[in-house]
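> Chains as they are written, first to last, in the working numbering: chain G, 8 to 118; chain R, 1497 to 1611.
Everything labelled a hint here was simulated from the structure, so no lab data went into it.
Ideal Cβ placement from N, Cα and C applies to all residues, glycine included.
Among the hints, erroneous ones may be present.
[What the hints assert, rightly or not] Covered stretches of chain G, going by a simulated chain R footprint (3 or more residues, C-beta under 8 Å): (1) 16 to 25; (2) 44 to 52.
[Unchecked claim] Straight-line alpha carbon distances no greater than 25 Å define the calculated BS3-like cross-link-like pairs of lysine-lysine that follow: (3) R:Lys1505 / R:Lys1579; (4) R:Lys1537 / G:Lys10; (5) R:Lys1553 / G:Lys10; (6) R:Lys1518 / R:Lys1566; (7) G:Lys61 / G:Lys12; (8) R:Lys1505 / G:Lys12; (9) R:Lys1518 / R:Lys1579; (10) R:Lys1567 / R:Lys1505; (11) R:Lys1553 / R:Lys1579; (12) R:Lys1518 / R:Lys1537; (13) R:Lys1553 / G:Lys12; (14) R:Lys1566 / R:Lys1505.
[Unchecked claim] Examples of chain G residues lying across from chain R (beta carbon under 8 Å, computed): (15) Tyr55; (16) Asn63; (17) Tyr76; (18) Ala105; (19) Leu106.
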Amino acid sequence: GDKVKQSPSALSLQEGTNSALRCNFSIAATTVQWFLQNPRGSLINLFYLVPGTKENGRLKSTFNSKESYSTLHIRDAQLEDSGTYFCAAEAAYQGGRALIFGTGTTVSVSP
Amino acid sequence: GGIITQTPKFLIGQEGQKLTLKCQQNFNHDTMYWYRQDSGKGLRLIYYSITENDLQKGDLSEGYDASREKKSSFSLTVTSAQKNEMAVFLCASSHRTGLNYAEQFFGPGTRLTVL
Chain G
8 GDKVKQSPSA LSLQEGTNSA LRCNFSIAAT TVQWFLQNPR GSLINLFYLV
58 PGTKENGRLK STFNSKESYS TLHIRDAQLE DSGTYFCAAE AAYQGGRALI
108 FGTGTTVSVS P
Chain R
1497 GGIITQTPKF LIGQEGQKLT LKCQQNFNHD TMYWYRQDSG KGLRLIYYSI
1547 TENDLQKGDL SEGYDASREK KSSFSLTVTS AQKNEMAVFL CASSHRTGLN
1597 YAEQFFGPGT RLTVL
């Protein structure tokens, strides 16, 4: 099964509202990254997390390693928040370590 | 700061053709990666390299070769393009600290179409 499960797979928001995206891990993740993929396909780094919480403007992210999940909160959604959000967990991989990606949450913000 | 550049941006190939994608980074990062993204899906690791001349296979290495010629560059070769294949190939880099890898940064991608 999926080692990194993202939910929901799609989300429609009205401008000004709040929402949360979630990733559940079935692997022992040591760090988590969140990305936004814009319509041109570029991956924008949002957060790089060890266990704990970070905030950047209207975005806030938490990584709980003991309960194996991470969340991304969007506050006061704006049109430019539209895109696909990916979480990725760093975990043991074939004797080394690698980033394992979720399948993404597509967010559409409308006026 | 730094930047990752990928060439070409768009690549159109024929079935059976050998195709090479290139990636350069000026972060002075130790580790570089190649991922494949199929439409509507997440990224899957093809190859990574922790230092010059090192190569490590990912989940999708079959059908690909890679080469880390120098610290700043990492090439990926599709050994025999598959008909109707369409995907985006993304290059990334990060520092390496002990056994752990720091934050990864991504290039803009190469979009492959095979006719």
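> Now tell me, hint by hint, if it's right for this structure.
Right, here's what the structure says about each hint:
no. : hint                  : verdict
1   : 16 to 25              : violated (count 0)
2   : 44 to 52              : holds (count 5)
3   : R:Lys1505 / R:Lys1579 : holds (20 Å)
4   : R:Lys1537 / G:Lys10   : holds (14 Å)
5   : R:Lys1553 / G:Lys10   : holds (19 Å)
6   : R:Lys1518 / R:Lys1566 : holds (12 Å)
7   : G:Lys61 / G:Lys12     : holds (21 Å)
8   : R:Lys1505 / G:Lys12   : violated (30 Å)
9   : R:Lys1518 / R:Lys1579 : holds (22 Å)
10  : R:Lys1567 / R:Lys1505 : holds (22 Å)
11  : R:Lys1553 / R:Lys1579 : holds (24 Å)
12  : R:Lys1518 / R:Lys1537 : holds (23 Å)
13  : R:Lys1553 / G:Lys12   : holds (23 Å)
14  : R:Lys1566 / R:Lys1505 : holds (21 Å)
15  : Tyr55                 : holds (4 Å)
16  : Asn63                 : violated (14 Å)
17  : Tyr76                 : violated (17 Å)
18  : Ala105                : holds (6 Å)
19  : Leu106                : holds (6 Å)
In this structure, the hints that do not hold are numbers 1, 8, 16 and 17, in rising order.
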